[in-house]
Amino acid sequence: MGRTPRRSEVRTGRNTLVGCSIGLSLVLLSGAVGCSTDDGRRSIDVYAASSLADIMELVEDRYERDNPEVDLRMNLAGTNALVRQVNSGADASILVAADASFLDDLIYPTAAPPIPLATNELTLTVPVDNPAGIDGPEDLIDDDVLTARCATGVPCGDATDDYLAANGYAIGRSTEEANVRSVLTKVSAGEVDAGFVYRTDAAVTDAVIQIPLAGAPQVTVTMVQLDSERSTVDLARYLASDEVAELFEQLDFGPVGG
Amino acid sequence: MTALRRPPPAVLAVAGLGVLVFVIPVVALLADAPWSTLFTQFTAPETVAAGRVSVIVSLAATALAVILGVPMAFALANMDFWGKPIVRTIITVPLVLPPVVTGVALTSAFGRRTLFGELTGIGLTSTMAGAILAAAVVATPFLVLTVEGTLRSTDPGYEQLAATLGAPPLARWWRISLPLARPGILAGAILAWARALGEFGATITFAGNTEGSTQTLPLEIALALENPDTQDRAVAVSILMLIVSLTVLITLRDRWIPRR
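Residue numbers (our numbering), protein chains in the order written: chain H, 1 to 258; chain B, 1 to 260.
By construction, these hints were calculated from the structure, which means they are not laboratory data. The beta-carbon is built from N, C-alpha and C at its ideal position, and this holds for glycine as well. Treat the hints with caution; some may be incorrect.
If the Cβ cut is set under 10 Å, some of the chain B residues that face chain H in the computed set are [to be verified]:
| id | residue |
| --- | --- |
| 1 | Gly111 |
| 2 | Ser126 |
| 3 | Ala207 |
| 4 | Ala222 |
| 5 | Gln231 |
When you get a sec, could you build the whole thing from the sequences and use the hints?
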């Protein structure tokens, strides 16, 4: 333990300085890159509910293939979070909500009336080996059963609240998640005994089994256009097209008004 | 503090700018506060439950950080052993990793579907023990680094003297080395506690968000933000955390850390 600083310690000081300036220039550089539209394509910001992750991936692939000059930038989160972001000035062109009711909270002016695209419904899922032996929502009251659910305020959470209240069920022990895909992840990883998700979420993985709910609440996937740019109008038209309706159907969404 | 050491005006200007970056958000948060209902929000059942969980989890995590961290800091500061750089890197990696990654790693290690989970029957998911472990893992590096720094600057003379007088190793460590490291341990414990209190990502990923057992104040804030009806509570609880943190940091700093 010498009292004088060793050579390596002295050098570390300078390395830190060099590292910082490299870090700083990277930040400046990425900032500069971020400002210009990359490779000259026009980008459209699409905000979509978490439950629409798979359909939006298909839409993005197809639309960008057919319109090479366009770059769709997806922002996936709970609908309530998306509405909050738009209300606080986020630059979204199109918002696709998991349920129409949440658009009431939108204070940002819309460029066109909302258009319903498809329907979905709440379902109960358990891990594929069903460790707690859940047969239906009546088993969730047990304190040994851990249930994942969306938080109140998130579309799937409000649907869960409505369902439980309307049918007189209660949950013993729960973990509250910010969006439906976090619930699905916890169920498919077997970290919880059961979870409330949408029917279409349950369909994307083999790691969960669905327990259909009698009188399950329905939600209506709804699109709203937030600006009148030519590219936004084109994309909105595509989203409401028969081609996209077919994609929704393939992924097990229900038809509007069906 | 000689006049010569006083930073030049240009440096002071940047420093002032830096202070503003920290002051503005705090002032803005206070300006957003729902003052009329603030007390009602503080005493809402959810806030009381989350506050209780936060107190227990952050204190238990700090205790764990001290118990495990102090011996690690001694080994790292006063010994040379094979693989020491690797050990130090692994201990400090939670400092730079996104806490979510720490949460994922903890789930892989102690989740329900692991060897640990099979043996215990449930694993640590959604248990308070899980929340404590998550907070301890992210908080311990702060303690280890702080204590190690203190140990490097302590005078080995006292330990040598004690050895000369025939004190056995454990007594020497307990009576001489540990008391000498006291300021570092206390400072490290404060830092670790502050980190544990603010912990969010690893907790929600690994321990989940269960009211009364893993839902701490930061998790309650995030949850309240999800609901348009509870925006006021999110701000109120944020202010509560700000008040608690400032109070503790200010009082403990003056009492425990000697001024230069």
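Right, here's what the structure says about each hint:
1. A distance limit of 10 Å between C-beta atoms decides the matter here; for Gly111(B) the minimum to chain H is near 6 Å, and the interface restraint holds.
2. Nearest Cβ of chain H to the Cβ of Ser126(B): about 5 Å, under the 10 Å cut. The hint holds.
3. Here the hint on Ala207(B) is kept, as its CB sits about 9 Å from the closest CB of chain H, short of 10 Å.
4. Here the hint on Ala222(B) is kept, as its CB sits about 7 Å from the closest CB of chain H, short of 10 Å.
5. Hint status for Gln231(B): holds, given a least beta-carbon distance of 9 Å to chain H, under 10 Å.
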